[in-house]
Amino acid sequence: MKNFLNRYFGKGWLALTYLFLYVPLIFMVVFSFNSTRQDAVFTGFSLRWYEALTRDSKIVDGFWLSIQVATASGVASAVLATFAAFVLVRFRRFRGRTLFSGMVNAPLVMPEVVIGLSLLLLMVGIQNAFGWPQRGMLTIVLGHTLLGMAYGMVVVQSRLLEMDHAIEEAAMDLGAKPLQVFFLVTLPNIMQAVGAAYLLAFTLSFDDVVIAEFLSGPGVNTLPQVIFGYARRGINPTIYAAATLLIISVTAVVVGYSIWVARQTRKREREMAAAVRAETAALQAG
Amino acid sequence: MALFIPMPGKRFVIGVPYTWLVLFFLLPFLILLYISFVDMGNDISPFKPIWDSSTGLLKLKYENYWSIFRAGDGGALFQTLYIEAYVRSLWYALCTALLCLLIGYPFSYFIARSSPSARPALLMMVMLPFWTSFLLRVYAWKGILADQGVVNQVLLALGVVNEPIQMLYTNVSMLVGMTYVYLPFMVLPLYANLVKMDFRLLEAAHDLGASPFKAFWLVTVPLSKAGIIAGFMLVFIPAVGEFVIPSLLGGPENLMIGRVVWDEMFTSNNWPRASALAVIMIGLIVVPLAVYYHFSGDAAEPKH
Numbered sequence: 000m001k002n003f004l005n006r007y008f009g010k011g012w013l014a015l016t017y018l019f020l021y022v023p024l025i026f027m028v029v030f031s032f033n034s035t036r037q038d039a040v041f042t043g044f045s046l047r048w049y050e051a052l053t054r055d056s057k058i059v060d061g062f063w064l065s066i067q068v069a070t071a072s073g074v075a076s077a078v079l080a081t082f083a084a085f086v087l088v089r090f091r092r093f094r095g096r097t098l099f100s101g102m103v104n105a106p107l108v109m110p111e112v113v114i115g116l117s118l119l120l121l122m123v124g125i126q127n128a129f130g131w132p133q134r135g136m137l138t139i140v141l142g143h144t145l146l147g148m149a150y151g152m153v154v155v156q157s158r159l160l161e162m163d164h165a166i167e168e169a170a171m172d173l174g175a176k177p178l179q180v181f182f183l184v185t186l187p188n189i190m191q192a193v194g195a196a197y198l199l200a201f202t203l204s205f206d207d208v209v210i211a212e213f214l215s216g217p218g219v220n221t222l223p224q225v226i227f228g229y230a231r232r233g234i235n236p237t238i239y240a241a242a243t244l245l246i247i248s249v250t251a252v253v254v255g256y257s258i259w260v261a262r263q264t265r266k267r268e269r270e271m272a273a274a275v276r277a278e279t280a281a282l283q284a285g
Numbered sequence: 000m001a002l003f004i005p006m007p008g009k010r011f012v013i014g015v016p017y018t019w020l021v022l023f024f025l026l027p028f029l030i031l032l033y034i035s036f037v038d039m040g041n042d043i044s045p046f047k048p049i050w051d052s053s054t055g056l057l058k059l060k061y062e063n064y065w066s067i068f069r070a071g072d073g074g075a076l077f078q079t080l081y082i083e084a085y086v087r088s089l090w091y092a093l094c095t096a097l098l099c100l101l102i103g104y105p106f107s108y109f110i111a112r113s114s115p116s117a118r119p120a121l122l123m124m125v126m127l128p129f130w131t132s133f134l135l136r137v138y139a140w141k142g143i144l145a146d147q148g149v150v151n152q153v154l155l156a157l158g159v160v161n162e163p164i165q166m167l168y169t170n171v172s173m174l175v176g177m178t179y180v181y182l183p184f185m186v187l188p189l190y191a192n193l194v195k196m197d198f199r200l201l202e203a204a205h206d207l208g209a210s211p212f213k214a215f216w217l218v219t220v221p222l223s224k225a226g227i228i229a230g231f232m233l234v235f236i237p238a239v240g241e242f243v244i245p246s247l248l249g250g251p252e253n254l255m256i257g258r259v260v261w262d263e264m265f266t267s268n269n270w271p272r273a274s275a276l277a278v279i280m281i282g283l284i285v286v287p288l289a290v291y292y293h294f295s296g297d298a299a300e301p302k303h
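Chain order of the listed sequences is P and Y. Note that the first sequence covers residues 0 to 285 in numbering that gives the first Met the number 0. Note that the second sequence covers residues 0 to 303 in numbering that gives the first Met the number 0.
Don't take every hint at face value.
Some chain P residues judged to face chain Y by a derived CB distance under 7 Å, without partners named [to be verified]: (1) 27; (2) 120; (3) 230.
Simulated pairs of lysine-lysine, BS3-like, Cα-Cα distance not exceeding 27 Å [as the list claims (entries may be wrong)]: (4) 47/Y <-> 10/P; (5) 47/Y <-> 58/Y; (6) 213/Y <-> 224/Y; (7) 176/P <-> 9/Y; (8) 213/Y <-> 195/Y; (9) 213/Y <-> 10/P; (10) 60/Y <-> 10/P; (11) 47/Y <-> 60/Y; (12) 224/Y <-> 195/Y.
One side of the interface only, derived from the structure: several residues of chain P facing chain Y at Cβ under 8 Å [said to hold, decoys possible]: (13) 7; (14) 9; (15) 19; (16) 20; (17) 24; (18) 44; (19) 105; (20) 111; (21) 118; (22) 177; (23) 206; (24) 246; (25) 250; (26) 259.
If you're looking for bench data, these hints aren't it; they were derived computationally from the structure. On a predicted model such as this, the values are computed, not experimentally measured, just so you know. Positions of the beta carbon are idealized from the N, C-alpha and C atoms, including for glycine.
Let the sequences and hints guide you as you build the complete structure.
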């Protein structure tokens with residue numbers, strides 16, 4: 000009974016759940032190559048939907064807009080996340096700290112609809128008062144940065160918490176000014192986490208449709224907005240072609256990154272083992 | 000440790016993110032709250048100021064909230080489209096969280112019990128769909144579950160059904176889509192919890208005569224309580240406000256509150272009521288969170 004459970008039931012459950020997770024991806028890849036609009040029967044191999052994709056100016060424009068929005072809000076999110084994480088980790092006491100940590104974390108649990116609506120109301124208010132900014136790319140970037148900052152803060156904060164403060168103290172003892180300590184000691188130490196925060200914010204922005212729907216203006220549509228518009232109208236294999244390209248690039252990046260990390264880890268382990276061996280040998284010789 | 004940053008520097012470091020958050024998080028929320036208490040305006044200005052222009056008196060309008068709970072003046076309480084949408088949202092979120100737990104618990108358990116060298120790859124395979132567009136993955140289900148879609152074709156070919164069954168735009172497509180999207184949110188905290196568990200405890204239970212099922216139920220499940228609760232919250236909270244899945248996979252019968260807020264804002268152009276609906280929505284999220292923090296706070300306290 001126990002053997003059966005461990006051997007077959009476990010493997011079976013894993014396999015079925017992975018199948019569930021991958022069915023939509025496989026489905027889109029397969030039917031992006033279909034020769035007709037049909038999406039239940041594969042009628043023959045064709046690249047017509049890829050061709051249609053390159054000719055679809057809405058999708059192409061949306062893609063470039065999304066890249067710009069995601070890059071801008073990714074950078075802004077990473078910078079603000081670093082500021083916020085630094086404040087929360089290093090300044091244990093200051094006036095309004097509770098409010099601050101509440102505001103940083105709240106976007107994590109707020110429904111996107113509420114974030115979108117409240118920011119829209121603010122933008123309308125500002126626009127009525129100053130006549131600027133028009134709803135469009137800038138307002139979408141602002142909305143995405145609010146979300147990206149909250150997620151990025153979690154990443155940078157955990158890295159700052161595990162970082163050894165002694166090296167910063169050492170730098171200060173040696174006469175470094177606070178700014179020098181930050182840029183020469185702290186930042187290089189947390190750079191990987193800041194990079195991760197950027198990537199996370201970029202992905203969130205590139206994937207978001209709700210906040211963009213609230214904050215974009217007429218004629219300004221990010222890629223997810225274009226896809227959302229098509230998707231509500233019905234089946235369109237051009238979207239499957241776009242999805243396939245996205246799936247291939249994400250898979251390449253994720254797999255490549257994992258292999259790189261695994262190699263680095265193995266390399267470090269080998270070096271450490273070699274160092275230990277050398278040390279032991281030296282001790283025994285001495 | 001206190002970093003010795005001179006006062007102006009410290010003020011600047013705190014001031015930058017603080018100002019940003021006050022401007023783009025606190026202020027929008029206060030505006031939302033404000034508009035939820037004023038009268039609806041006309042096409043040019045969608046809401047009226049809170050002060051009465053003739054008397055100069057401040058007056059809060061509770062009508063926006065009342066109209067959510069009561070259909071018309073003196074109408075029956077709690078029988079409005081809005082309340083239905085709230086209840087439906089909570090119900091879908093609850094069902095989604097339970098389904099994710101049902102599928103995700105054994106899944107995380109078997110990943111945690113697989114060989115340590117296989118675990119990173121297995122986890123990466125959970126994350127991979129998660130990194131590709133959420134919107135596209137939901138959209139794919141539309142094609143899979145359609146009347147002429149893959150699932151129906153397979154069922155017809157196998158002779159399970161004689162004519163296509165409608166799955167799209169029903170509870171089936173809603174729950175499949177939501178479970179699909181939120182499953183990784185359940186798996187990751189559960190896995191993190193289960194992988195730390197000492198499985199020798201199960202062997203001990205077995206040696207003491209417990210059946211595998213009993214050992215699982217009396218040892219594994221109670222030990223993973225924190226993971227279960229965390230996963231449940233991570234699924235439930237975003238699921239309540241879900242906007243995209245009901246738009247793509249649901250019909251008019253499956254309206255959730257996120258969509259209702261949108262329609263109220265852009266179709267009915269009733270900004271005050273949209274704001275009131277959003278404020279209540281925040282309340283629906285804050286209450287389970289407060290309960291969660293209350294209990295997890297208790298659990299985290301070391302018991303003396």
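So, going through the hints one by one against the coordinates:
1. The criterion of a C-beta within 7 Å of any C-beta in chain Y is met by residue 27/P, whose closest approach is roughly 5 Å, and the hint holds.
2. A least Cβ separation of about 5 Å between residue 120/P and chain Y falls short of the 7 Å threshold, and the interface hint therefore holds.
3. The interface hint given for residue 230/P is met, as the beta carbon of that residue sits about 5 Å from the closest beta carbon of chain Y, less than 7 Å.
4. This hinted pair does not check out: residue 47/Y and residue 10/P have alpha carbons roughly 62 Å apart, beyond 27 Å.
5. The straight-line distance between the Cα atoms of residue 47/Y and residue 58/Y is roughly 11 Å, inside the 27 Å bound, and the hint therefore holds.
6. Annotation: proposed proximity of residue 213/Y to residue 224/Y holds, straight-line Cα distance about 16 Å (limit 27 Å).
7. At most 27 Å may separate the alpha-carbon atoms for a hinted pair to count; residue 176/P and residue 9/Y meet this at roughly 13 Å.
8. Between residue 213/Y and residue 195/Y the CA atoms are separated by roughly 21 Å; this keeps the pair inside 27 Å, and the hint holds.
9. For the suggested pair residue 213/Y and residue 10/P, the alpha carbons sit about 21 Å apart, so the restraint of at most 27 Å is met.
10. Proposed proximity of residue 60/Y and residue 10/P is contradicted: the alpha carbons are some 59 Å apart, above 27 Å.
11. Only pairs whose Cα atoms come within 27 Å are accepted, and residue 47/Y paired with residue 60/Y is accepted, the gap being roughly 11 Å.
12. For the proposed pair residue 224/Y and residue 195/Y, the alpha carbon gap of about 13 Å is at most 27 Å, so the pair holds.
13. The beta carbon of residue 7/P comes no nearer than 11 Å to any beta carbon in chain Y, farther than 8 Å, and the hint placing it at the interface is violated.
14. Contact between residue 9/P and chain Y, as hinted, is supported at the beta carbon level, the nearest pair being about 4 Å apart and thus within 8 Å.
15. Against a cut-off of 8 Å between C-beta atoms, the interface hint on residue 19/P holds, since the closest Cβ of chain Y lies about 7 Å away.
16. Because the smallest distance between the Cβ of residue 20/P and any Cβ of chain Y comes to about 5 Å, under 8 Å, the interface hint for this residue holds.
17. Because the closest C-beta pair between residue 24/P and chain Y is about 6 Å apart, less than 8 Å, the hint holds.
18. Contact between residue 44/P and chain Y, as hinted, is not supported at the beta carbon level, the nearest pair being about 18 Å apart and thus beyond 8 Å.
19. This hint holds: residue 105/P has a C-beta 7 Å from the nearest C-beta of chain Y, less than the 8 Å allowed.
20. Taking 8 Å as the C-beta contact cut-off toward chain Y, the hint placing residue 111/P at the interface holds, the least distance being around 7 Å.
21. The interface hint given for residue 118/P is met, as the beta carbon of that residue sits about 5 Å from the closest beta carbon of chain Y, less than 8 Å.
22. The restraint placing residue 177/P at the interface with chain Y holds, with a minimum CB-CB distance near 5 Å, inside the 8 Å limit.
23. Using the Cβ-Cβ criterion of 8 Å, the hint placing residue 206/P at the interface with chain Y is satisfied: the shortest such distance is roughly 5 Å.
24. Because the beta carbon of residue 246/P sits about 5 Å from the nearest beta carbon in chain Y, less than 8 Å, this interface hint is met.
25. Taking 8 Å as the C-beta cut-off, the interface hint given for residue 250/P holds, the closest approach to chain Y being about 7 Å.
26. For the restraint placing residue 259/P at the interface with chain Y, the shortest Cβ-Cβ distance is roughly 13 Å, beyond the 8 Å limit, so the hint is violated.
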